[in-house]
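Fit chain B to the given chain A structure using the hints.
2 protein chains.
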Amino acid sequence: MKGNSLIIQSGGPTCVINSSLYGIIKEAKKHPNNIEGIFGALNGIEGLLNNEIIDLRKENEQELIYLLNTPGAVLGTGRHKLNNDYNNEEYNKILSQCEKYNIRYIYIIGGNDSMDTGNKLYQFFTLKHYDCKVIGVPKTIDNDLVNTDHTPGYGSALKYIANTFQEIENDICCYQNGKVTIVEVMGRDAGWLTAGSKLSSINGNGPDLIYLPECPFDIEDFLMKVKNIYEQKHYVLIAISEGIRNKDGQYIHTLINSGNQTTDSFGHINLGGAASVLANIIQSKFNFPVRSIELSLPQRCASHISSLTDIEEAQEVGKHAVIKSLNKDINGSMINITRAQHNDYIIGYQWVSLSSVANKVKTFPKEWIVNNCDIDRGFINYALPLIQENNIIYQENGLPRYAKLKKEKVIL
Amino acid sequence: MKGNSLIIQSGGPTCVINSSLYGIIKEAKKHPNNIEGIFGALNGIEGLLNNEIIDLRKENEQELIYLLNTPGAVLGTGRHKLNNDYNNEEYNKILSQCEKYNIRYIYIIGGNDSMDTGNKLYQFFTLKHYDCKVIGVPKTIDNDLVNTDHTPGYGSALKYIANTFQEIENDICCYQNGKVTIVEVMGRDAGWLTAGSKLSSINGNGPDLIYLPECPFDIEDFLMKVKNIYEQKHYVLIAISEGIRNKDGQYIHTLINSGNQTTDSFGHINLGGAASVLANIIQSKFNFPVRSIELSLPQRCASHISSLTDIEEAQEVGKHAVIKSLNKDINGSMINITRAQHNDYIIGYQWVSLSSVANKVKTFPKEWIVNNCDIDRGFINYALPLIQENNIIYQENGLPRYAKLKKEKVIL
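Read top to bottom, the protein sequences are chains A and B.
For the first sequence, my numbering assigns the number 1 to the initial residue and increments by one for each residue that follows.
For the second sequence, my numbering assigns the number 1 to the initial residue and increments by one for each residue that follows.
If we strip away everything but chain A, and leave its shape as in the complex, we get (with noise of 0.2 Å):
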């Protein structure tokens, strides 16, 4: 099928998103017989609904090289869940707008909502007999993509926290009576990050006390141990997910901070400060010096210290959708990252069906769980390729140079 392709960012950004954009861009430019136009939509699948559509061809190769040190999404992305109806107004539009623009492969880099965006994509597609290739592409720091051995995005996320964890470490260590330091990572419902934490313990001691959401957080047996420790070696070094539960599943920020809940304009609760509240505790019942910090949105953006695997990967990614896209029999399918049972770190880039990563969590193996608030030397041999090699990161005056694109909006 000859036709234009589009790209599309959603979901949250990455430091390597636009490493998987430059993946797919490089190799559609091979491939000028089949794949006409490289077109971006600007702000996920609502570019495309607005009208809001780049020319991809158009940018100087040098900007797209950067792409590859440069957080955040330089399409923008979006949020915006299809209709689960494909009868509503909305499919519609986006026919008539691929239609008009004669899209005939789009790739789609996000996470499992996007991946459910994608799917409803191909399933209205198939039903309208309309041909267009639907292929996501995998991305996000949470690791939480089922049927794929880990996302791009989650190597460069680890990165940062193992190094981070193991400097917080060097810098509390050296008081004579430290702080019990309790640092928060992101992940609501799955501790892939958290665990993370442990890898700061291969040249460094390592966190005291990991907690993930895949085990109930017991207050009273956290207290007990913080204090066991810090009366031990006076000071205490804390990692918790954000979306740790109690058991009977309520947050632990919301449970005993209600008074001070706060939601965002969505309703949801905001999450973020259970380390704060935890310190208070802390604070408060032993009198210990604490400190509670979030690493908050560096862990997902920090690209001065992505790893190199993680982007070579996210380039990958981004390669084998086009070179599958044109494989006929491959539609509706996310890549998905294979390792072979080997000593070696070996991948292979497959495909899934979309449908079957759609909405759906890999959550943290509960076998690397140790005792509730430790994780077991199997995870840290699994993640420890994620991190390997440093990015080369490109500067101007010491500082980062990102790609500054010029898109311009394909006109017909």
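It cannot be assumed that every hint is accurate.
Identical copies look the same in the list; a pair holds intra-copy or inter-copy alike.
[Claimed, not checked] Distance condition first, Cα-Cα at most 20 Å in a straight line; then the derived DMTMM-like pairs of lysine to aspartate or glutamate:
(1) K225 - D149
(2) K233 - E52
(3) K233 - E46
(4) K128 - E312
Hints in this document: simulated from the structure, not taken from any laboratory.
Frame of chain A; chain B shown alone:
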């Protein structure tokens, strides 16, 4: 004078306090006719009082090189303040300990409090006719020492801050309806670090608003500016110092949040949280989506992004401390950094009296503050040379390899 040397690390750690330690050790080894023992006091001056003194000549050479990318203070740090009365018991203990260990050279790596300690030791030794050189080696991320162009530690903190602001901006700008993002930077009394956020404007847009403690913070004016900017561009990036105060000198955090005001174990008001307080006000007043981020400890320990210029200068001040202490005329002095008035960045190492530095604070120049909420180009010209060149990171397993010292106690 022939005798032993004692190195002390004091005050808050930085990324390069251990580089100064390395610079001292390396240079001291070149002068065995003057400097016999190269000792380190554990946890500041208290190590001397408590016989917690290690023999740095026994450390492995390669491990010492790893000091160049090891954050925290490997000797341990302290905040012990010496008495103002030289008749105090403590001083006799210090003298007897120095005599016992035959300490003839003391190098104190620290900030203005530590220079006060150094100055008191120098004054006391002079009073007692005890022949011992006391030399200060400047160190602080805060850059608030007088009589020096800048302080080792500042450049690396700046580099972290500038990179992080650039990354955060790229993350938050990619949503159609972004957040008002308030980033809180260290600095109670001086805005040097917060001003560093402006460096992110060189290759990016930089923060929309920057507030330092040097200017009274007007909350009504702030809210009006935030509203205008958000309505124009749908996200706002704000940098604030933790120490911003209103025109009456009250900390914004304590003023607004007085019900929850907490103090540390010494009764100091816990700062931090100003960003969170301001974010809550913006959300409740305008219902804009908001996020507050405290950069917290990584500002002073993110050694993976240290400035090589800073590492080298930190070594040099250590080296010059040794060289100049062997010059009979210099005592009770701190090594300082001077800069030639020249387009190129050319610096020299001189010295000033400890008494001229002790307990003083160099605030951010008013002439570089624009309209209370922006930073002048003059600061960029001043600061940019300090963040140049990237740290050569020593790694194992893709993670930093820090120095592991044996810390063998000196046995007399």
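A quick look at each hint next to the structure:
{"no.": "1", "hint": "K225 - D149", "verdict": "neither (34 Å within a copy, 47 Å between copies)"}
{"no.": "2", "hint": "K233 - E52", "verdict": "between (58 Å within a copy, 17 Å between copies)"}
{"no.": "3", "hint": "K233 - E46", "verdict": "between (54 Å within a copy, 18 Å between copies)"}
{"no.": "4", "hint": "K128 - E312", "verdict": "neither (37 Å within a copy, 66 Å between copies)"}
Checked against the numbered hints given earlier, the structure breaks hints 1, 4 and satisfies all the rest.
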